[in-house]
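**Student:** Sequence:
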Amino acid sequence: MSPTTASVRVRTPATSANLGPGFDTLGLALSLHDEVEVTATFGGPEAPVEVTVDGEGAGSVPLDERHLVVRSLRAAFADLGEQPSALRLSCRNALPHGRGLGSSAAAIVGGVVAARALSGITEHDDALAPADRLEGHPDNVAACLLGGLTVAWRGDDGAARATRVDVHPDVVPVVCVPSFEVSTEKARGLLPDSVPHADAAANAGRAALLVHALGRRPDLLLDATSDRLHQHYREPAMPPTFALVTALRAEGLAAVVSGAGPTVLVLATGDETGRVGALAEGWDVRALQVDTRGAVVESATV
1 MSPTTASVRV
11 RTPATSANLG
21 PGFDTLGLAL
31 SLHDEVEVTA
41 TFGGPEAPVE
51 VTVDGEGAGS
61 VPLDERHLVV
71 RSLRAAFADL
81 GEQPSALRLS
91 CRNALPHGRG
101 LGSSAAAIVG
111 GVVAARALSG
121 ITEHDDALAP
131 ADRLEGHPDN
141 VAACLLGGLT
151 VAWRGDDGAA
161 RATRVDVHPD
171 VVPVVCVPSF
181 EVSTEKARGL
191 LPDSVPHADA
201 AANAGRAALL
211 VHALGRRPDL
221 LLDATSDRLH
231 QHYREPAMPP
241 TFALVTALRA
251 EGLAAVVSGA
261 GPTVLVLATG
271 DETGRVGALA
281 EGWDVRALQV
291 DTRGAVVESA
301 TV
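Residue 87 in the UniProt record's numbering sits at position 87 of the sequence shown; the count goes up by one each step and never skips.
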């Protein structure tokens, strides 16, 4: 059989996980995107992978089999029972790395969706499981796949599941991105093995309220984003982040740590976006939109 070559281009959004009280459960897709273009050859001679990166991560991420998109492609192809003999990957990255905006989730979802598209599968119905397995928790990958606000959980069988919720049109996500990075591993390492029952109960109520506030009652967002479960434990890793969250919340703005940090996310409404910029002087402040599409196969030649 002669070799066959196929190509696909996939766009994946930034995501903010937790959103305050929804630790490892809630995620929000944002209008900032990475794009991967993958060309795969099947049935030909084995060849080393080729990787190019433009934008964020250029010059710092590996350009071989260690690249996260490549690892995700390989894992997804293994699930599908086939591996290409040659892979060429081009990444155009806008998501800052190590800032709590889901860059690893975007890479993983991009690889998984691309591999499936190259195998003729365009639906995302079964894509959450391999993405979750690679990421280790489903909140970011669920939002990246599905778009909008997502609630992710594990069934009694341990499998990741997620559902999508529409966000009220008045909600404007504003991210305040610092110049420094914090690794997810370092931030997670600061969390205790157990928390007081009262804190867990408080967060359960606020997380439920947050889904309602984002969908129907943005006026409740300040109360709904209160957290007692994880954010304050991470303060030693990113004091400027917590100082900004405290200052913004004191002004009535629904500010939280984005994912594992150190970016600050503000769930703003109306004219609040200008107030965020005034209080976050020295930060890279960007008013974004909620991405409602999630991962998108922009083109495919299969």
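Source of the hints: derived by calculation from the structure; they are not laboratory data. These figures come from a predicted structure and were not determined experimentally. Backbone N, C-alpha and C define an ideal beta-carbon position, used for all residues, glycine too. Check before you lean on any hint, since a few could be wrong.
Derived SDA-like pairs: lysine to any residue, alpha-carbon spacing no greater than 25 Å straight-line [to be verified]:
#, residue 1, residue 2
1, K186, H232
2, K186, G120
3, K186, F242
4, K186, R133
5, K186, P62
Simulated DEER-style distance windows between Cβ atoms [claimed, not checked]:
#, residue 1, residue 2, range
6, A287, D223, 17 to 25 Å
7, A200, A243, 21 to 29 Å
8, D79, T301, 19 to 27 Å
9, H197, L63, 47 to 55 Å
**Student:** Hint by hint, say whether it matches the structure.
**Tutor:** Going through the hints against the structure:
With a C-alpha separation of about 14 Å, the suggested pair K186 and H232 falls inside the 25 Å cut-off, and the hint holds. For a cut-off of 25 Å, the pair hint linking K186 to G120 is broken: about 39 Å separates their Cα positions. Restraint check for K186 and F242: the C-alpha separation of about 16 Å stays at or below 25 Å, so the hint holds. Taking the CA atoms of K186 and R133, the gap is about 20 Å. The hint holds against a cut of 25 Å.
Note on K186 and P62: the hinted pairing holds, with a Cα-Cα distance of about 21 Å set against a maximum of 25 Å. Distance hint check for A287 and D223: the Cβ-Cβ separation is about 22 Å, which falls inside the suggested range of 17 to 25 Å. One distance hint, 21 to 29 Å for the beta-carbon pair A200 and A243, holds here, with the actual separation near 26 Å. In this structure, D79 and T301 meet the distance hint of 19 to 27 Å, their C-beta atoms being roughly 22 Å apart.
Here the CB-CB span from H197 to L63 is close to 48 Å, well matched to the stated 47 to 55 Å.
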